Amino acid sequence: MQARSSTGRTFAAHAVLITWTLIALFPVFVIVVNSFKSRKAIFADPLSLPLPSNFDMVGYATVMHQGDFFQYFLNSMIVTVGSLFCVLLFGAMAAFALSEYRFKGNTLLGLYLALGIMIPIRLGTVAILQMMVASGLVNTRTALVLVYSAQGLPLAVFILAEFMRTVSDDLKNAGRIDGLSEYTIFFRLVLPLVRPAMATVAVFTMIPIWNDLWFPLILAPGEEVKTITLGSQVFIGQFVTDWNAVLAALSLAILPVLILYLLFSRQLIRGITAGAVK
Amino acid sequence: MGALTLTAVTKSFGKTDVIKGVDLTVADGEFCVFVGPSGCGKSTLLRMIAGLEDVSDGEVAIDGVRVNETAPAKREIAMVFQSYALYPHLTVRDNMGLALKQAGESRAAIGESVNKAAGMLSLDALLDRRPAELSGGQRQRVAIGRAIVRTPKIFLFDEPLSNLDAALRVATRIEIAKLHRDLKATMIYVTHDQVEAMTLADKIVVLRAGRVEQVGKPMELYNNPANTFVAGFIGSPQMNMLSGAALGIKAHTLGIRPEHLAISRDKGDLAGRVSHVEKLGGETLVYVQVDGQGLLTVRLLGEYDWQVDEPVHLTPDQTRAFLFDADGLRIRG
Chain X
1 MQARSSTGRT FAAHAVLITW TLIALFPVFV IVVNSFKSRK AIFADPLSLP LPSNFDMVGY
61 ATVMHQGDFF QYFLNSMIVT VGSLFCVLLF GAMAAFALSE YRFKGNTLLG LYLALGIMIP
121 IRLGTVAILQ MMVASGLVNT RTALVLVYSA QGLPLAVFIL AEFMRTVSDD LKNAGRIDGL
181 SEYTIFFRLV LPLVRPAMAT VAVFTMIPIW NDLWFPLILA PGEEVKTITL GSQVFIGQFV
241 TDWNAVLAAL SLAILPVLIL YLLFSRQLIR GITAGAVK
Chain W
1 MGALTLTAVT KSFGKTDVIK GVDLTVADGE FCVFVGPSGC GKSTLLRMIA GLEDVSDGEV
61 AIDGVRVNET APAKREIAMV FQSYALYPHL TVRDNMGLAL KQAGESRAAI GESVNKAAGM
121 LSLDALLDRR PAELSGGQRQ RVAIGRAIVR TPKIFLFDEP LSNLDAALRV ATRIEIAKLH
181 RDLKATMIYV THDQVEAMTL ADKIVVLRAG RVEQVGKPME LYNNPANTFV AGFIGSPQMN
241 MLSGAALGIK AHTLGIRPEH LAISRDKGDL AGRVSHVEKL GGETLVYVQV DGQGLLTVRL
301 LGEYDWQVDE PVHLTPDQTR AFLFDADGLR IRG
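If you're matching them up, the sequences are chains X and W in order. Each residue of the first sequence is one higher than the last, beginning at 1 in the numbering used here. Each residue of the second sequence is one higher than the last, beginning at 1 in the numbering used here.
Don't read these hints as lab results, they were simulated from the structure. There's no promise every hint is true.
Only pairs whose alpha carbons sit at most 25 Å apart, straight line, appear in this in silico SDA-like list of lysine to any residue [to be verified]: (1) X/172 / W/134; (2) X/172 / W/91; (3) W/74 / W/58; (4) W/250 / W/268; (5) W/101 / X/184; (6) X/172 / W/129; (7) X/104 / W/69; (8) X/172 / W/47; (9) X/172 / W/69; (10) W/178 / W/122; (11) X/172 / W/250; (12) X/172 / X/100; (13) W/74 / W/28; (14) X/172 / W/28; (15) W/101 / X/188; (16) W/20 / X/103; (17) X/172 / W/192; (18) X/172 / W/52; (19) W/101 / X/192; (20) W/74 / X/101.
Some, not all, of what chain W presents toward chain X, calculated at C-beta under 7 Å [to be verified]: (21) 52; (22) 72; (23) 79; (24) 81; (25) 83.
Computed from the model, here is a short list of chain X residues facing chain W with C-beta under 7 Å [unchecked claim]: (26) 142; (27) 170; (28) 171; (29) 173; (30) 174; (31) 176; (32) 177; (33) 178; (34) 179.
A quick note: this is a predicted structure, and the numbers were derived from the prediction, not measured. Backbone N, C-alpha and C define an ideal beta-carbon position, used for all residues, glycine too.
The task is simple: from the sequences and hints, build the whole structure.
And the structure:
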C-alpha cells in the first residue's frame with residue numbers, strides 16, 4: 001500500500017516536472033531548430049526538424065559577416081562576469097557585516113539595502129543616464145557593470161545575510177582566537193560555507209543581465225561596446241526581419257550563459273554535499 | 001603562569017543586564033568550573049574572558065595585566081567549543097597548527113608542537129584527515145589538541161562534552177582531568193552538568209541570572225551550600241526541600257539530601273506512599289509522595305524491594321539537614 005502510493009506520487013511528480021520542462025524548453029527548441037532551416041522552411045513548417053532538403057546555415061553566415069558578433073559576445077561576457085563579480089563580492093561583504101556585527105542602525109541599514117528588491121531600477125533610467133553623461137561613462141562597459149551591480153546587490157545582500165546567520169558562531173570565534181583577521185574569517189571560513197547561496201544568487205543575477213536590452217540600448221549603444229542582445233536587434237527591422245539571422249544569433253547567445261550556469265550549478269551541488277561544520 | 005582576575009565585571013545587551021557584577025580570582029594552575037542553569041550567563045562570562053564579547057564595565061586581568069581592550073588572539077588563551085568549531089577545509093594537522101602559523105612560528109616548530117600534542121591525545125593516525133572524516137569524539141580531541149598546541153596561559157572550555165554520548169563524555173572528562181594534571185595549566189570550564197563540575201573542578205563557581213551564588217571547592221559546596229539554589233543544584237539526585245511549617249520547625253525550609261533520608265515501613269516523621277522505584281544496581285532510588293511536601297527522593301545503597309503504592313515513613317537525619325530562611329538563605333548555627 002505504502003509502496004504503491006509512493007510510486008504513484010513519484011510518477012505524478014515526474015509527470016508534472018516533465019510537462020513543465022517541455023513547456024519551458026519549447027521556445028528554445030523552436031529557436032534552435034529553425035536557426036538551421038531556410039527562410040521558406042521556417043514559415044512553411046516551423047515545428048519540423050531541419051531536413052537535408054531545407055537545411056540552411058544562411059542565418060549563421062549572416063551573423064558572422066554582419067557586424068562584429070565576436071566582439072558583441074565578448075562585451076556581453078565582460079559585462080555579465082564583471083557585474084557578477086561585483087554583486088557577489090560586495091553583496092557577500094555587506095551581508096557579512098549585517099549578520100556578524102552588532103552596531104547602531106544595523107536593522108535599518110539592512111532594510112535600506114533590501115529596498116532595491118521592490119523598486120525597479122529602470123524607473124531611474126533618466127537620472128542614471130544623466131549621471132553617466134556627467135561622469136563621461138556613456139558608451140562604456142563600465143557604465144553597464146555599475147548599473148547591473150546596483151540592480152543585483154539588494155537581492156544578493158538579502159539572501160546572503162540570511163544564509164550567513166546560519167554559519168556557526170563558534171567557528172568564527174575559533175578563527176578570532178587563532179588570530180585570523182576578519183577578512184580571512186570572511187574569505188576562508190564563511191564564504192566556502194555559504195557557497196550554495198552564492199551559486200543561487202549568481203544564477204539569479206546573471207540571467208537578467210545577459211538578457212537585458214534596455215540599458216545597453218540607452219547607455220552603451222556604440223558599435224564597440226554593444227552586447228549580444230543589442231547586436232541581434234540589427235536583424236529585426238520595422239518592415240523586414242531577417243529571421244534566419246535573428247534565430248541564429250539567439251541560438252549562439254544561449255551558449256555562454258548555459259556554460260556559466262553549468263559552472264555554478266556544479267558549485268551548488270558541491271556546496272550542498274560538502275561536509276557540514278559539525 | 002595564568003592567573004585570572006575579574007573585578008566588578010558586567011555585561012549588558014541593550015537594556016538587558018546579562019552579567020551583573022562578577023568578582024572572581026582564579027589562581028595559576030587552578031581548574032575552575034562555571035556551572036549554572038541555561039541562561040545564567042556562564043558562557044557569556046567565558047566569552048568575555050576570551051575577548052569575544054566586550055566588557056560593559058569592570059576589568060578582566062590576566063596575570064595582573066588588564067586585557068579588556070586586547071584582541072582574543074593576543075590574550076594567550078585557547079578555547080574549546082561545544083560544536084568543536086574545526087576548520088572544515090583544513091586537515092587535522094593544519095587545524096592544530098593554524099594559530100602558530102598565524103603567529104609566524106617556523107614550520108619546524110609548528111610540526112614539533114603539533115606532533116607533541118597529537119601524541120598526548122593519540123591523534124597521530126588522524127593528522128592527515130579532514131574534520132568531516134572524524135567521529136564526534138575524535139573531533140573534540142582535535143579541538144582540545146588545537147588548544148594545547150598554543151601553550152596558552154589559560155584554557156577555556158565551553159561545554160566541550162555536551163555533544164558527545166554518555167560513554168565518550170566520561171572518557172573525555174577523564175582525559176581532560178589528566179591533561180590538567182600533566183600541563184598544570186589554568187583551566188576555566190563552563191558546563192550546566194553538575195557532575196562534570198564536581199568531578200573536574202578545584203573550584204566551582206555557581207552562577208544564577210548573571211550573579212555568582214557561591215564559590216568554593218566541590219565538597220565545600222556539597223557540604224556547606226549558602227542557599228537553596230546551590231543546595232539544589234549541586235548533588236544528584238537533587239536535594240529534597242521540605243517545608244519547615246509542616247515539620248513544626250522554625251526554619252522556612254529544611255533541605256535534606258536523598259542519601260540522608262531514612263525510609264521505614266513502620267515509623268518515621270513523615271508518612272507517604274511510594275510513587276516510583278528506580279533500581280540502578282549499585283543504588284536504589286525510591287520516590288515517595290508525601291502530603292504537604294510533594295515528591296521526595298530517597299537514595300539507598302544496594303538493591304531493595306519497595307513496591308509502588310506501599311505506605312512508608314521517612315525520617316530526615318537532623319544532623320545532616322540544612323535550614324534555610326524565607327529568602328532561601330542558609331541559617332547557620
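A quick look at each hint next to the structure:
no. : hint          : result
1   : X/172 / W/134 : holds, 20 Å
2   : X/172 / W/91  : holds, 17 Å
3   : W/74 / W/58   : holds, 20 Å
4   : W/250 / W/268 : holds, 20 Å
5   : W/101 / X/184 : holds, 13 Å
6   : X/172 / W/129 : holds, 21 Å
7   : X/104 / W/69  : holds, 20 Å
8   : X/172 / W/47  : holds, 13 Å
9   : X/172 / W/69  : holds, 19 Å
10  : W/178 / W/122 : holds, 14 Å
11  : X/172 / W/250 : violated, 55 Å
12  : X/172 / X/100 : holds, 10 Å
13  : W/74 / W/28   : holds, 19 Å
14  : X/172 / W/28  : violated, 28 Å
15  : W/101 / X/188 : holds, 15 Å
16  : W/20 / X/103  : holds, 22 Å
17  : X/172 / W/192 : holds, 23 Å
18  : X/172 / W/52  : holds, 10 Å
19  : W/101 / X/192 : holds, 21 Å
20  : W/74 / X/101  : holds, 21 Å
21  : 52            : holds, 5 Å
22  : 72            : holds, 5 Å
23  : 79            : holds, 5 Å
24  : 81            : holds, 4 Å
25  : 83            : holds, 5 Å
26  : 142           : violated, 35 Å
27  : 170           : holds, 4 Å
28  : 171           : holds, 5 Å
29  : 173           : holds, 5 Å
30  : 174           : holds, 4 Å
31  : 176           : holds, 5 Å
32  : 177           : holds, 5 Å
33  : 178           : holds, 4 Å
34  : 179           : holds, 3 Å
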